[in-house]
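Colleague: Top to bottom, those sequences are chains D and W.
Here full-length UniProt numbering is used: the first residue of the first sequence is 1, the next is one more, and so on.
Here full-length UniProt numbering is used: the first residue of the second sequence is 1, the next is one more, and so on.
These aren't lab readings, by the way, just hints derived from the structure by calculation.
This one's a predicted model, so the numbers in the text were calculated from it and none came from an experiment.
Don't be surprised by glycine CBs; every beta carbon is placed ideally from N, CA and C.
Some hints here could point you the wrong way.
[Claimed, not checked] Not everything, but these chain W residues come out facing chain D in the computed CB check (under 7 Å):
| # | residue |
| --- | --- |
| 1 | 13 |
| 2 | 20 |
| 3 | 28 |
Here is what each chain is made of, one letter per residue.
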Amino acid sequence: MTPDTLDARAGHALAAAAEPGFAAFGTDPWWITLIKALVIFVFLMVCVILMIMADRKVMGRMQQRHGPNRFGPWGLLQSLADGVKLSLKEDLIPRKVDRVVYIAAPMISAIPAFMAFSVIPVGPEVTMFGVQTPLQLTDLPIAVLLVLATASIGVYGIVLAGWASQSPYPLLGGLRASAQVISYEIAMGLSFVAVFIYAGTLSTSEIVDAQRPIWFAVVLFPSFVIYLITMVGETNRLPFDLAEGEGELVGGFMTEYSSMKFLLFFLAEYVNMVTVAALSVTLFLGGYLAPPPITTFWAGANEGWWPVLWWLLKFLAVMFLFIWLRGSLPRVRYDQLMQLGWKLLIPVQLVWITAVAVIRVMRNEGAPPVALGAVILGFFVVTLAALAAWSRAADRRRAAEDAEHAERIRALREDPMHGGFPVPPMDAPHYGSSVPAEELRSARPAPTPPTDKREEVTGA
Amino acid sequence: MELYAPIFVLGGIGAAFVVVSMIAGSLLGPKRYNRAKLQSYECGIDPTPQPVGGGRFTIKYYLTAMLFIVFDIEVIFLVPWAVHLDALGVFGLVAMVLFLVNVSIAYAYEWRRGGLEWE
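Make a model of the complete structure from these sequences and hints.
Modeller: Quick look at the structure:
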C-alpha cells in the first residue's frame, strides 16, 4: 500500500467523519423537497393565523373577557378576516420616505424568517409517498448557525424600515429594536454553547438524537431558562416589546407602514416566534422524542409519524408560554431591558459555560469524584457570592436613591423654586376650592402590609 | 450543495408570497389623494424636518453595536470549540478560559466606565 492511497483513504475517512449522519439529507427527489417546503410554508402561515387568534383569545380569557368570537366557529377565522381587510386598505407611501429601502424593508424582514424553519426536525425518517425521507426539509453541519444568521438578517429589515421612513418615531423605534435584538442575540448564542458542548454537533437532527437519554432542558437548566428569556427579547414580545412601545413611540418602526407592508412585518414577527419556539423544542425539549414516561410502556412511541404529535405538543406548550408571559408581565423599561441583557444574562452565561466545560473535561479525563464535587461546590460558592454582592450593591443604590429623593423633597418644601422650575408651592391650598392641600410624599411609600384578600374583593 | 438547496426552495416560496402579496396590496386598495395623509405621522402636528439619514442619535447605540461585535465574535469562537471540546481536552479548555478572561477584562472596563448604563 503506497502512502498516496493511505492519504486518500485518510481523506475519505475525514470527509465521512466531517459530515456524519447527513446521508439522509440532500437525496430527496425534487418533488419531495417541494412538498416539504410547501407544507412548511403552509404550516407557518396557519400557525401565524392561529397564533394571532390564540393570542387574542387567551389574553381575553386571562383578562376575564371573551376575545374575538364572531367570525367562524369560536372566532377561529378572525385573523383571516383581518388579513383580507388589511389587504384591501390603501397602500400608503408617505412622500418623504426613501422609496426603495422603504419597500425592500418588509421583504428583508419576512423572507429570512421563512428560511429559518427549514432546519427544524419535526420527526424521524418516515415513508412519504413510497420515498424514505426524514421529516425535516434539510440539515446542515451548521444548522443552528443558520437560524442565528437568518435572525440577524431580520434585524436589517427593522433598522432599514425605521431609517427609510424619515420620521422620528420610526427612527427611534428601529434603533431601539435593533439594539435590543442584537443584545439578546448574544445571550441567545451563548445559551446554545452549552448545548453544543453536550451534543458535540451543530446539526439539529443530531442534537435531537443526543437527547435520547435525557433532555437538555433538564441537564442544562440555566441555559434553557436564559434561552426562554432571550427568545422573548429576540422576537420583541411583551414584556420586551419596546420596539413598538405604543405608549411612547406610536407604532415603533412600522408607524409609517400600512396595508400589506404592515401585514408583512406582523407576519415576520409571528413567524420568528414560531421559529424560536421550534428551536427551543429542538435544542432543549428533546425535539420530536416522546416524553420519557411514554417510552417506558410504549416502545413504538418514537416510530413512524407519532413523533410529529410529540413535537406539536411541545411546540404548542412553548407558544402558550409566549401568551402567558404577555398576559402576566408588565412591560419593562428600556434601561431595565438593556441592563438585564448585558449585566445579568451575559455574565451568568459566561460563568455557566465555563462551569459546564470544566466539569465536562474533568469527567472526560477521569477526574476523581471528590475533585469534581469540589469544583461544582466552588462554582456554587462563586455564584452565591456574586449574587450576594449584587443584591448588596442594589440595596445600597436603592438607599442612596431614597436619600436623594428625600433630600429633594425637603428642599422643595423649603423653597418651591428649588431646581429652577418656577412652580407654586405644592402645599399651597387649591385656588378657589375648599380641597385641602395634599400631604407631601416624603419618600417611597412604605410597602403595604398584607391584608386579608377577601376584604378587598368587592362588587359583582 | 444538495443540503443547502432546499433552504432556497423554502426561501423562494416565501419570497414569491411576499412579492405577490405586496403587489396585490398596492393594486387592491383604494387610492385617494390627501396632502396631510402623505406627510409622515407625528400624532397630527406638522412633521419636524428630518435631516437626511436620520440625523444624530445618542452614542449609546454605537457603543452597543461595538460591544455586540466583540461579543458576537466571541460567540462565534466559542461554537467550534464547544463542538470539539471532547477532542480538545484540557488544552482547549485552558485556551478558551484564557480567551474568555481576555474578553471579560474589556467587558469589565466598559461596565466600570458606564458604557452599559442606559438612562
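Colleague: Now tell me, hint by hint, if it's right for this structure.
Modeller: Right, here's what the structure says about each hint:
1. Using the Cβ-Cβ criterion of 7 Å, the hint placing residue 13(W) at the interface with chain D is satisfied: the shortest such distance is roughly 5 Å.
2. Here the hint on residue 20(W) is broken, as its CB sits about 10 Å from the closest CB of chain D, past 7 Å.
3. At about 5 Å, the closest approach between the beta carbon of residue 28(W) and any beta carbon in chain D falls short of 7 Å, and the interface hint on this residue holds.
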